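Based on the provided sequences and hints, a complete structural model is requested.
Protein chains in written order, with UniProt numbering: chain A, 1 to 449; chain B, 1 to 290.
Cut-off 30 angstroms, straight-line C-alpha distance, at most; resulting in silico cross-link-like pairs (BS3-like, lysine-lysine):
{"#": "1", "chain 1": "B", "residue 1": "K203", "chain 2": "A", "residue 2": "K251"}
{"#": "2", "chain 1": "B", "residue 1": "K11", "chain 2": "A", "residue 2": "K251"}
{"#": "3", "chain 1": "B", "residue 1": "K225", "chain 2": "B", "residue 2": "K142"}
{"#": "4", "chain 1": "B", "residue 1": "K116", "chain 2": "A", "residue 2": "K10"}
{"#": "5", "chain 1": "A", "residue 1": "K10", "chain 2": "B", "residue 2": "K120"}
{"#": "6", "chain 1": "A", "residue 1": "K307", "chain 2": "B", "residue 2": "K225"}
{"#": "7", "chain 1": "B", "residue 1": "K116", "chain 2": "A", "residue 2": "K122"}
{"#": "8", "chain 1": "A", "residue 1": "K249", "chain 2": "B", "residue 2": "K11"}
{"#": "9", "chain 1": "A", "residue 1": "K131", "chain 2": "A", "residue 2": "K18"}
{"#": "10", "chain 1": "B", "residue 1": "K231", "chain 2": "A", "residue 2": "K191"}
{"#": "11", "chain 1": "B", "residue 1": "K150", "chain 2": "B", "residue 2": "K225"}
{"#": "12", "chain 1": "B", "residue 1": "K196", "chain 2": "B", "residue 2": "K116"}
{"#": "13", "chain 1": "A", "residue 1": "K191", "chain 2": "B", "residue 2": "K225"}
{"#": "14", "chain 1": "A", "residue 1": "K246", "chain 2": "B", "residue 2": "K11"}
Source of the hints: derived by calculation from the structure; they are not laboratory data. Being a predicted model, the structure only gives us computed values, none of them experimental.
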Amino acid sequence: MFNKKKYEQKTTFRELFKKGDAMTKLSFVIMGSANLANKQWLKGLFFLGTQVAFLFWLIRNGLTALSMLSTLGTQEQGLVMDKKLGIPVLQEGDNSMLILLFGIAAILLCILMIVLYIVNLKSARHLYELKQAGQKAPTTMEDLSSLLNERFHATLMTIPLLGVLFFTILPLIYMISIAFTNYDHNHLPPKNLFTWVGFSNFANVLNGKMAATFFPVLSWTLIWAVIATATCFFFGVLLALLINRKGIKFKGLWRTIFVITLAVPQFVSLLIMRNLLNGAGPINATLMSWGLIDTAIPFLTDPLWAKISVIFVNMWIGLPATMLVSTGIIQNLPEDQIEAARIDGANAFQIFRNITFPQILFVMTPALIQQFIGNINNFNVIFLLTGGGPTNSDFYGAGSTDLLVTWLYNLTLNTMDYNLASVIGILIFILSAVFSLIAYTRTNSFKEG
Amino acid sequence: MEAKKKNKSYKSSQRISLTGSYILLIVMSIVWMFPIVWIVLSSFRAEGGAFVPYIIPKSFTLDNYKILLSNSTGSFPFVRWFLNTLFIATISCILSTFITIAMAYALSRLRFRMRKPILKIALVLNMFPGFMSMFAIYYILKALDLTQTKFALILVYSAGAALGFYIAKGFFDTIPMALDESAMIDGANKWQIFTKITLPLSKPMIVYTSLMSFMGPWMDFIFAKVIMGDKVENYTVAIGLFSMMTKTTANSLFMSFTAGCVLIAIPITILFIIMQRFYVAGITSGSVKE
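Structure (structure tokens):
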């Protein structure tokens, strides 16, 4: 019932052009003619209107935007001698950044137009086929009602997909293109122009000057992601088991205590943590007043301590989430296996190791891999807690606890090396993509999809 | 005799391990609640300065809250930030929920030719670090002359929602298709099936989606910071509070800052605790194998 209706062999567009009547033929040049000829006014006017608007735009802005894409601008901003006035006048130059952005937007608009053109042809063909079969063309009202039935998906998805096109795909293409330009702190538009440089940024990051920063940051990112995911998962499961064990009272209260920390916004809790762990902060002050330490522990200022602090603070933040989810799983685990193991004399640890934990692990694997990817991109914890610091003089624009994402942020905001930032972004994507593929092939919603 | 003894030792070892569990839970609870208790205490602290070498304040006051709430035109207009955030969060919550549910429903329940390609493209797009495109978005907004406005933030948050449909889709996948089929036999069109059958069944998912998209703008820091720049009066609380701590006045503003944190954390925490069953349902139904 839900399967696509199978049509017989369709007329090709070539045949349509040969056999169709004049208005159908005209559809190849003027969009919507066939619809207008068949009194589908709304559809026809829509096609016609978009075509006119598109051509108008193409002549006015589109062609220039497209043609400048290959050079990214040639006119530098600077002082030019004005012969009439006899003094140098500031002349506005090209802005490579805007040229690139508008160029990509223009390409996307053209693609969108091609899609619409094909839709227009298909519509004309549909009308032609209906006529061949001796049926009437659907009226505008029938067309509109099909938007709530056969083409309900179009109703639901058009606006979201346009949003994705202009706020996800366009920016991404833009950023990816920047990876192939020399848009860095020496080439900042509008003062300077930048241009295409091919793969040299990738070579720089993987093999050149930036490699000395990239590989240490990459390895810390991976180490961090593994440890952060593993600690949160393992201790979260243990906490859930602890709360759920028989004989523990006030289960709801214990859970709520931990859930509260999950609900506090991260920017609040992390800024608080940063203050708590400060060299002069309360934790150091308390430890010193108890006489446990003589000098303040450099929680956030020593590279090793900073790394340890970040991992512990991340546990504080992430553990309750694992606890909540694994509680749900634990409550659904079959009791009889555990009972049987207990009768056979297994102790609590053996039961955990051989029965409970493997089952939880099995259920949570997809979520775990997603968490791992999330940790590779865990901007908040690093940025708000250590800011990437302590600074590392061996690194270019990165500190000891900087992940690839926070480094990317520094490269754009502090050192203005947009090209390097894009390369890092692409490399992060490749990293995440590898793990995502592993994760999604294991999840239900994809398999069924 | 032997069995009785064994039983007794089993019981006493049970008691010891139960006591151990309680101690562990209490210690962990203290560690987990400590930062929260500390911030609440600090917000009522009368003695000045960011750091004092003790945890419980010597004297309590409400001044920190008064300073925070009365600074409506100064460098930290907290009330304004709060209303900004509330406005942005509410509008983008409504829009994102519509968008997410629409995408998820279409991709889960309807069959059309572009369905699988869209699923795959969304998968790939989701793998890019979210804010890699942030600066490009910033320039797009700049080209539209929208930077530093609340509308820009709403646009960005809601447009991003279209790709976060996977959890909701996982939920819709679990609703039996037989329901749709029987409705179709009765002559319902797809719009009617969507509004009269699927949506009423999806209350947990809708609550989860709207909760997440309401909390997103409250919690988001980085997008808001880049888009708002230095326009203090359009800040959301997240960047507002952060900016209070990066200025040279951080030391004197510290207690007002903690007061702000408390004022923000309380409503969100309450909302979250009330809604947490939906949160769990959302995560598990979306990603867990049946």
